[in-house]
Amino acid sequence: MSSAVLPHHADAHEHPDARRDHHLALLRQVFWFSTDHKVIGIQFLLTTMLMLMVGGALALGVRWQLAYRWEQMPVFGELLSQQFGTGGQISPELYTMLFTMHATIMTFLVVIPVLAGAFGNFLIPLMIGADDMAFPKLNAFSYWFMWPAIICFGFAMGLGSHLSGVEGGMNAGAAQGWTSYPLLSALPQAAPGAEAAQFWWLLGITFVGVSSMMGSINYMTTIINMRAPGMTLFRMPLTIWAMLITAILQAFALPVLTAAGVMLIADRALGTCFFKPDGIVVNNADPTIGGGQPLLWQHLFWFYSHPAVYIMILPAMGMVSDMLSCMCRKPVFGYRPMIYSLATIAGLGFVVWGHHMFTSGMNPALGMTFMVSTIMIALPSGVKVFNWIGTIWGGRPVFNTVFLNCVAFISMFIVGGLSGIFMAAVPVDVYFHDTYFIVAHFHYVLFGATLFGVFAAIHYWYPKMFGRLMNEPVGQLHFLLTFIGFNGTFFPMHLLGVAGMPRRYADPYLYPYLEHLQPMNQFMTICALLMGLAQFLLIGNFVLSWFSRTPSGRNPWHSNGMEWMAPSPPGHGNFDVAPMVYRGPYEYSSPNREDDYWPQWEPPGKC
Amino acid sequence: MKWFWCLFFMFWPILAVVVCLLAPSLGWWFPGESASPLGRRIDHLFYVILWICTVVFIGTQVALGYVLYNGARRTRPGVTEKAWYSHGRHELEVIWSVIPAIVLLFIAVYQLDVWAEYRVKEAFPRQGMLDVLKNLNQQRGEKDSLALAEVMARQFEWRIRYPGFDAQGNLLPLMPDPQPTDLYAVNELHLPSGAPVMINLRTQDVQHSFFLPELRVKQDAVPGLVIPVWFQADHHRPYQLLCAELCGWGHYKMNARFVAEPPEAFLQYLKTLQREQNYDGTAATP
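Respectively, the protein sequence lines represent chains L and V. Residue numbers are given in the numbering used here: position 455 of the first sequence equals residue 455, and the series is strictly consecutive. Position in the second sequence (first residue = 1) + 1000 = the numbering used here.
Think of the hints as simulated: they come from the structure by calculation, not from any bench. Please note that the accuracy of each hint is not assured.
Calculated lysine to aspartate or glutamate pairs in the DMTMM-like style (CA-CA distance at most 25 Å, straight line) [claimed, not checked]:
| id | chain 1 | residue 1 | chain 2 | residue 2 |
| --- | --- | --- | --- | --- |
| 1 | V | Lys-1082 | L | Asp-595 |
| 2 | V | Lys-1082 | L | Asp-596 |
| 3 | V | Lys-1253 | L | Glu-515 |
| 4 | V | Lys-1082 | L | Glu-594 |
| 5 | V | Lys-1002 | L | Glu-515 |
| 6 | V | Lys-1271 | V | Asp-1144 |
| 7 | V | Lys-1121 | V | Glu-1276 |
Note that the structure is a prediction, hence the values are computed from the model and not measured.
Could you build the full structure based on these sequences and the hints that come with them?
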């Protein structure tokens, strides 16, 4: 068997010069159309990191207004006053645009593409021992379709208004919230941002949808058809299981959003009436002619967007399981329960969308069924938490950046999961709906869990991408500052929610019962600023580590996964020796072996 | 460094619990105890969930801290013991699936009553509302609406329509469509206190949401729908009314008051509205 000649000592046989010359080989290709899944993965990663900074800047604008309402904004205020002569304050229109586009960019251009796009692309073929994706060209298209979406979202923000026809620039940017509920989004006269900007927003969503769809078809086909010999389904790493389940979710849920988007475009441009009831007068315009129902949009939107919440966390769950196991030198606790709970979350994810609509006026009996299904989703989530703790239990953890971010993932996910129960309970949700409690909850899940998982994954797989390790002290400092900044920003939001502070208010202190919360909001804004600045450490570390002189070798973490058999970075076609899989991915610290790991590719009987 | 991180991951849950314990005394908690019976039941449900979640939160964070500490001990210099080679325990998986399932089902079932009372029409306190209307001496037929006012949200204010009085000065029932006798007000909703009252919630333009934080009431106003909402205020005093669903750039300024007052004062208020509305510029007739 040819793979027998490729043990983990393979590093020693490589020429040092060759390594020096080629460790940035993948990076060199990112500016051009490549069909190599690794290049596409890195393209996605770089793009999403850029978008993370853009979305974060928008969030800081929101935070500024909540802390120091109607005051001149530092740095960005100068730009604003140059553009509009507004004196550098955030206008109410601009404020609505800021939170709308913050959410839009963070979900559609950061979290979804960084998980499925960046890590899905990079890892799936490597981890299953394939030489590339099943449809490499489709894969490349899925990346390049992101750019029209980015341009559309840029137009939706009011940038480049002489090209897009968004009259009024950023003050007329899309301002319907990322949920874009009609009629605010269906009638152009409803708000400044509901005119051209809303059209660009919908077009952007459609492009993102096309991109995700191409990706998900590709991931499913690749995982099902292209596994290396010996890679049975139950030898797949949990990352791959999570990617597979995510791709299925994506493929079944996304068409609904795309259809809803097209229906809304038709309502706006072609005079159809899917969402418009008749006789509605907005801003003294002519009454609407219709017979539509705005709640239909909410059903369609959440039928996608609730599963999308799981699309935004399941891959991170899978990756964290893999990284924890490796960093603790211990098999994943309950491999099969982990898979079943992933599948249960995904399955239940399709029947819980109504919990976004408890106060919307839909049939209250539906509220009861949705409550029961939503609360039950805490069960598989809990099983996963217990299993992660079980994975660390009795291990020999290495307290490096990867491990710390993974532990933060668990710790934050516990908070996000528990706060979800409050909202799942309908009567309690009546009070918490559309308050900052909700904002706290989903930031704990999407940032606290997913992004810490992503930070861990960046540090963990960086050597596979660029043949170098990231700087460890800087990584830990980034983690420390982000963790403190994150909790300082988002934990108080729970209390704001309990105090009844509504979301999406440009000036909550207009209300006497909220006035005393301003100092707390100022503290949160300072924490948010700290968190935002800390991300420059990540980016600096990411970029400067390219120029590190120390090669990481093929398997710097002494990990078991198939991706560590390939060179770092892998060449086109990934593996220099045809891969063969002999065991599951979590054989760490086996008592029968001297080494504390037993790679999937190492033939049995060889100690 | 690893000991620092163990403490670090233990420190933050402790801080979180301390902050939550201090929160009510610092004013970072509910805007007062709920001023309605249903609101108090909602608060009770909140505290039930809060207690369960606190126990789970502390339990899981302590478990996490313990396994980290345990792991850090295992990697002390000189300890060569390998990690525990275990792929999991079936019994544990069963335990931590079944127990949470029971707790979660309990939480879900425990909520249903309150929800039914709040939103399911058959469970509305119909008799209580009828008593209020009778007390106000409303001239009503069997099928007339139980609602005492129509709240019409629009960008960015609340328009209130009350039924007016007949020629004898008796209160009329609220009709679905505007009547010549109807009385109007903006951003100020007056209703009797101490008993359940109902409004019909509508919107004139986009979606809004009727939010009375002190009463724990929230209901979206959906274009094209008329949604009955009932609530009961304990005290004679004004409460905050605001919008909780994004309705445009001025979403933050749909500031309004809900004034709960004794039935006589409510009738007096309607009479005042009627007098102002009928004022034709000449001195009052003798």
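Hint compliance check: list the failing hint numbers for this structure, sorted ascending. 5 and 7
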